[in-house]
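Novice: Since the structure of chain X is provided, determine the placement of chain D on it from the hints.
Below, each chain spelled out in residue letters.
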Amino acid sequence: GAGVSQSPRYKVAKRGQDVALRCDPISGHVSLFWYQQALGQGPEFLTYFQNEAQLDKSGLPSDRFFAERPEGSVSTLKIQRTQQEDSAVYLCASSLTQGRAILNYGYTFGSGTRLTVV
Amino acid sequence: AQKITQTQPGMFVQEKEAVTLDCTYDTSDQSYGLFWYKQPSSGEMIFLIYQGSYDEQNATEGRYSLNFQKARKSANLVISASQLGDSAMYFCAMRGPSAGGTSYGKLTFGQGTILTVHP
Numbered sequence: 001g002a003g004v005s006q007s008p009r010y011k012v013a014k015r016g017q018d019v020a021l022r023c024d025p026i027s028g029h030v031s032l033f034w035y036q037q038a039l040g041q042g043p044e045f046l047t048y049f050q051n052e053a054q055l056d057k058s059g060l061p062s063d064r065f066f067a068e069r070p071e072g073s074v075s076t077l078k079i080q081r082t083q084q085e086d087s088a089v090y091l092c093a094s095s096l097t098q099g100r101a102i103l104n105y106g107y108t109f110g111s112g113t114r115l116t117v118v
Numbered sequence: 119a120q121k122i123t124q125t126q127p128g129m130f131v132q133e134k135e136a137v138t139l140d141c142t143y144d145t146s147d148q149s150y151g152l153f154w155y156k157q158p159s160s161g162e163m164i165f166l167i168y169q170g171s172y173d174e175q176n177a178t179e180g181r182y183s184l185n186f187q188k189a190r191k192s193a194n195l196v197i198s199a200s201q202l203g204d205s206a207m208y209f210c211a212m213r214g215p216s217a218g219g220t221s222y223g224k225l226t227f228g229q230g231t232i233l234t235v236h237p
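As you go down the protein sequences, you meet chains X and D in turn.
The numbering used here puts the first residue of the first sequence at 1, with every later residue one more than the last.
The numbering used here puts the first residue of the second sequence at 119, with every later residue one more than the last.
Note that these hints are calculated values from the structure, not bench results.
A couple of the hints might just be wrong.
Said to hold, decoys possible - In silico DSBU-like links for lysine-lysine, alpha-carbon gap of 35 Å or less:
1. D:K121 / D:K191
2. D:K191 / D:K134
3. X:K57 / D:K191
4. X:K11 / D:K191
5. D:K188 / X:K78
6. X:K78 / X:K57
7. D:K188 / D:K134
8. X:K57 / D:K134
9. X:K78 / X:K11
10. X:K11 / X:K57
11. D:K188 / X:K57
12. D:K121 / D:K134
Unchecked claim - So these bits of chain X aren't anywhere near chain D, every CB distance computed over 10 Å:
13. K11
14. A13
15. Q17
16. I26
17. S27
18. Q41
19. E52
20. L60
21. G72
22. V74
23. R81
24. Q84
Small disclaimer: the values here were computed from a predicted structure and weren't measured.
Note that the Cβ used here is the ideal one computed from N, Cα and C, for glycine as well.
Only chain X is shown next, with the shape it has when bound in the complex:
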């Protein structure tokens, strides 16, 4: 597609519910990042995929968070047993290449999924 697409745009979950957030990157983009953005804050890194390989998951806040990109395109961020502190906007970004070469191509961000846990 022309841009990075994220769905749903908004999600309200009851505390304890599991949720799945989807990211459709630009076709052919090798790198895919997930970020968490709390209200009024800057985005914080969650995890990184290079094609289907999850090379960095150091930012995932707990083992309730799980991400996958099984075929190297669409990615899903799953949050189990949601808590109120999980309320945030979840941003996905993709890039044509990886590593230092990203500087030549930059990143394209999606519009995010706003998750509210009640």
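Specialist: Frame of chain X; chain D shown alone:
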């Protein structure tokens, strides 16, 4: 660890005037990249401008310019001739850090500055 600091929670500017948004950074990397993004209320991150640590000249993109002072570790964004549509949240971000010699390109963001342009 890398850190980005934006000390201005909010800034106001009159339409058609210039405004500077401050950004300071801290890193032990010799090679790094600095980005500025605009985030309107719709939520998407819009790329504005990029500065590489080895670039000798300050980056410019239309009405946007980056005042890069490497020794002071600052990368301020200058918006000239402000427009009402410039009202948004602005983020400074840095690529990195390296891990085992490989940089995956993840970004570290500052806290952001809300810019309001008055008519």
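Novice: Now tell me if each hint is right for this structure.
Specialist: Structure-based check of all given hints:
no.: 1; hint: D:K121 / D:K191; in the structure: 11 Å, holds
no.: 2; hint: D:K191 / D:K134; in the structure: 29 Å, holds
no.: 3; hint: X:K57 / D:K191; in the structure: 28 Å, holds
no.: 4; hint: X:K11 / D:K191; in the structure: 39 Å, violated
no.: 5; hint: D:K188 / X:K78; in the structure: 40 Å, violated
no.: 6; hint: X:K78 / X:K57; in the structure: 13 Å, holds
no.: 7; hint: D:K188 / D:K134; in the structure: 29 Å, holds
no.: 8; hint: X:K57 / D:K134; in the structure: 44 Å, violated
no.: 9; hint: X:K78 / X:K11; in the structure: 13 Å, holds
no.: 10; hint: X:K11 / X:K57; in the structure: 23 Å, holds
no.: 11; hint: D:K188 / X:K57; in the structure: 31 Å, holds
no.: 12; hint: D:K121 / D:K134; in the structure: 32 Å, holds
no.: 13; hint: K11; in the structure: 14 Å, holds
no.: 14; hint: A13; in the structure: 18 Å, holds
no.: 15; hint: Q17; in the structure: 23 Å, holds
no.: 16; hint: I26; in the structure: 14 Å, holds
no.: 17; hint: S27; in the structure: 18 Å, holds
no.: 18; hint: Q41; in the structure: 6 Å, violated
no.: 19; hint: E52; in the structure: 15 Å, holds
no.: 20; hint: L60; in the structure: 13 Å, holds
no.: 21; hint: G72; in the structure: 16 Å, holds
no.: 22; hint: V74; in the structure: 19 Å, holds
no.: 23; hint: R81; in the structure: 26 Å, holds
no.: 24; hint: Q84; in the structure: 21 Å, holds
Hints 4, 5, 8, 18 from the earlier list are contradicted by this structure; the remaining hints agree with it.
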